[in-house]
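Undergrad: Now for the letters of each chain:
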Amino acid sequence: MLKIEGLRVKYGADEVVRGVDLAVKKGECVGLVGESGCGKTTVGLSAARLIDARKGKIVSGKILFEGRDILEFDAEGLRKLRGRRISYVFQEPFSSLNPVFTVHEQLKEALREKGKAQEAISEILKSVGLEKISGKKNIYPHELSGGMQQRVMIAMAIASRPDLVILDEPTTALDVSVQNQILELIAELKEKMNLSILFISHDLRIVFSMADRINVMYAGRIVESGPKKDIVSQPRHPYTKGLIGSIPSLKNRKKRFEAIEGKTPLFSDLPKGCKFYPRCKFRIEKCEDEEPAIENISGDHFARCVRAKELV
Amino acid sequence: MVKYIFRRLISLIPLLFGITIITFMVIHLVPGKPTDMETQFNPKVSLEARDRIARLYGLDKPLHVQYADWLKRMASFDFGVSFVDSRPVIEKIRERIPVTLGINLASIILILLIGVPIGISSAVRENSFYDRSMTVFVFIGFAMPTIWLSLILMDLIGVQWGILPVSGIKSLEFERFSFLEKIIDVSRHLVLPVFVSAFAGLAGISRYMRSNMVQVLRQNYIRTARAKGLSEKEVVYKHALKNALLPIVTILGLSVPGLIGGSVIFESIFSIPGMGRLFYESVMARDYPVIMGVLVIGAALTLMGNLLADISYAAVDPRIKLE
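Chains A and B, in that order, give the protein sequences.
Residue numbering for the first sequence is 1 to 312, as defined by my numbering.
Residue numbering for the second sequence is 1 to 323, as defined by my numbering.
Here chain A stands alone, though its shape is the one from the complex:
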């Protein structure tokens, strides 16, 4: 369905996506995890060609959607792609909805067929659990709670029955209690509509609960990728291990969760060799000089670490 190959994106002089490969198959939910500022949102925006041209530029790579490179699409081609084939749910629902148009008007724009819009809108609102406002035409976004706003965003994303939905931190701006409801809704819609999903989050727990495959990103590159069960049970990259180790556990309350030491490096000042080297607990001399290539561990499991095979 979606295949990203060697994607490089620059914001000014900083290269924030440094050669990313990623694939989403039909009906699959692929997670993309990493700390803030690792480039994961940029990858998501690139996949719908939504990077603000004033700020950033896709330097090289391919983004194949059903075999066609969308980097070569013209404005009209992109317009037909966005919304209808690939749709997007953004992190902050409040700022992502236009404050001066009603929910109805904004949903109507997302519909593929404009006929019988009224019924279609009610139907969609019901399917995202907004029965309460499905009959009301004059509701503005600011009259809704954060969770309801995100439901509206999701309704907009699925309104034209797209093939791929990119969810960029869809629950980060919401209360924890609302988070689970939204995640359940996404899972339910995915089943019902056979959606392919690219799920972007900094929260590994959420990605574990949603994704079939997981990609871990660090400093603009994928450092580990594989089926969920492999990543959960046998993380090979020290960064993935660190992320998993920093999830607080309910079963083992006495064990303190381990934080990854240090800070994410700045893109203007990346280490020469492995980008995780300065923070890595397992570093060896070799790591300082050369950034390792991504290597196959087993089956569909890949990691970018010279010691990947010995670190079990």
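You can trust all of the hints, since none of them are fake.
Below 27 Å or equal to it, Euclidean Cα-Cα: the simulated DSSO-like pairs (lysine-lysine) are:
1) A:K57 / B:K233
2) B:K242 / A:K80
3) A:K3 / A:K190
4) B:K321 / A:K136
5) B:K233 / A:K137
6) B:K238 / A:K108
7) A:K108 / B:K242
8) B:K242 / A:K137
9) B:K238 / A:K136
10) B:K238 / A:K116
11) A:K80 / A:K114
12) A:K192 / A:K132
Below, a sample of chain A positions facing chain B; criterion: calculated Cβ distance under 10 Å:
13) L45
14) R49
15) R54
16) R84
17) I86
18) L97
19) F101
20) N138
None of these hints come from the bench; they were simulated from the model.
In this text the structure is predicted, and so the values were computed from the model without any measurement.
Beta carbons: idealized from backbone N, C-alpha and C, even for Gly.
Chain A is already provided as a structure; the job is to place chain B on it using the hints.
TA: Frame of chain A, contents of chain B only:
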């Protein structure tokens, strides 16, 4: 809503009251008297005659009594009579308003018609050559002295090329014209004044519109609109424009008082008998009733304009509710 407007109107009363006290005091503090024209410059006028004239105008009374007298008349919307020609103040103002209002209204409409599109198109092409050229263009208008530009245009267009009349608002033979000819004649006289004042005011609106639009185009909901698969036209002219136009409504409300306040310099250059010159002449002659009349109307319009801005903002922005 009605309750809100009513409450706001009530609250305007003490404000207007305060404004009149201060302006009344300030005007009377200015050296010179309305009677100076008749007395100071005429050595034959006796001391007795001076006192008599002062008494006639009520200028011999203490200031607070004069203010109370003035207020009493104002309570019945009587603006008094001019010291200069004994004509009712309201009448003098009424005959000056149409010209000034006409020029300012035409100028504001022109500014909006040109300035808003310049602002939008500049914002869409932010920092492009076009954007920079427009910035230079509008600031030339802003920075150029009105007097200089007016005189140059009068000389070029009026004198050397003889295309348009250069002063006044009517031709000499105006009375003999048919209705249509009259309209054309007045319009021809107003072209230059309206152009000059619009050119000077273009920078304000167009830059304001540009910065609104630039800001709005960076908002997340614009990205959402693009992600939905809307065309660039729909994104800019529907989703962005409606948001960027909201603050313009406020500007319009605030420009209401400016509609009747003419510019002295401007009206003098073009010999336009408008509010600006009336006010200037009244101040020079210390014609207190006329000065107060103009100022009170201006103050009332300012306050009403503010209220209008608030009401209209609530009318266009669904997030704002007046209570």
